[in-house]
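Just so you know, the sequences run in chain order D and G.
Quick note, the first sequence lines up with residues 793 to 914 if you use our numbering.
Quick note, the second sequence lines up with residues 20 to 156 if you use our numbering.
Incorrect hints may appear among the rest.
Unchecked claim - Distance condition first, Cα-Cα at most 20 Å in a straight line; then the derived SDA-like pairs of lysine to any residue: (1) G/LYS41 <-> D/LEU879; (2) G/LYS41 <-> G/PRO25; (3) G/LYS125 <-> G/LEU141; (4) G/LYS41 <-> D/SER878; (5) G/LYS125 <-> G/THR108; (6) G/LYS41 <-> G/ASN26; (7) G/LYS41 <-> D/PHE809; (8) G/LYS41 <-> D/THR841; (9) G/LYS41 <-> D/GLY883; (10) G/LYS41 <-> D/HIS846.
Calculated directly from the structure, the hints in this document are not laboratory data.
Please read all numbers here as calculations on a predicted model, not as lab measurements.
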Amino acid sequence: MSANLKRSNQPIFWLLFGAGGMLSALLGPMLVFITGIAIPLGLIFSPETMSYSHMHAFAHHWIGAGFIWVIVSLFLWHAGHRIFHSLHDVGIHAGTLARIICYGIPLLATVLAARSLIPSLI
Amino acid sequence: MRAVAPNRRRPYVRSMVGWWRKNPYFVEYMIHEGSAFFVAAYALILMVGLLRLTQGEAAWNGWLTALRSPLSIAGHLILLVAMLYHAWTWFTIMPITLPPIFVAGKRLSATAITAGGLAATLLTSVLLLLLVWRLGT
Numbered sequence: 793m794s795a796n797l798k799r800s801n802q803p804i805f806w807l808l809f810g811a812g813g814m815l816s817a818l819l820g821p822m823l824v825f826i827t828g829i830a831i832p833l834g835l836i837f838s839p840e841t842m843s844y845s846h847m848h849a850f851a852h853h854w855i856g857a858g859f860i861w862v863i864v865s866l867f868l869w870h871a872g873h874r875i876f877h878s879l880h881d882v883g884i885h886a887g888t889l890a891r892i893i894c895y896g897i898p899l900l901a902t903v904l905a906a907r908s909l910i911p912s913l914i
Numbered sequence: 020m021r022a023v024a025p026n027r028r029r030p031y032v033r034s035m036v037g038w039w040r041k042n043p044y045f046v047e048y049m050i051h052e053g054s055a056f057f058v059a060a061y062a063l064i065l066m067v068g069l070l071r072l073t074q075g076e077a078a079w080n081g082w083l084t085a086l087r088s089p090l091s092i093a094g095h096l097i098l099l100v101a102m103l104y105h106a107w108t109w110f111t112i113m114p115i116t117l118p119p120i121f122v123a124g125k126r127l128s129a130t131a132i133t134a135g136g137l138a139a140t141l142l143t144s145v146l147l148l149l150l151v152w153r154l155g156t
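Using the sequences plus the hints, can you model the full thing?
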């Protein structure tokens, strides 16, 4: 084995891409419908469904907190990786700046969401 | 191209601009890759909601009010279409991205993988709807 065969970090990003892509394929459409259409228009659900007390309690519970964290961060890791790999197709050089933007935003959101969901802070 | 020495014969260099528009296969490819922008936009909307939630009741209610604006509703309808298209393409591409799966000695067909994925989306969507409906009452 040659010493310069460095272990690639690519599988990590492809894993995050795949996990986010799968999660958004399974839950994305219904989530958009619930939070962005049904609740604002007062359809189907009780008006209290996304009230402050309900959502506060939801984000306080570890299952709720975990759900929000996983959705926000994995959706962004998926999107960032996909956009990064499509840049070349539209004639944009996929260099360091592109890397910082495409992976920096997901990283920032992951940390920020985790920090927001720590029970003592919310 | 600039690195090449000036050539007075002006050789023909085919432009790569809009290459994908010349073939319907690549047009579809660009659209499904573009769905990532909508997935990101939705995640950022939720991220803002989470930050508003940590800032207290008034901030949270402000976010809910913003979601009720006609612009937001229209935007979310577009997001819904994009998300559905993402789900559709995610599972139609899956037979190519997955390693071959063998069930009882026979390779699982592309149709079975796609249909299975779409059925899973249908199932999780119904479960999520019922769960949120139940939690809300």
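So which of those numbered hints doesn't the model satisfy?
Numbers 2, 3, 5, 6, 7, 8 and 10 - these are the hints that the structure violates, sorted from lowest upward.
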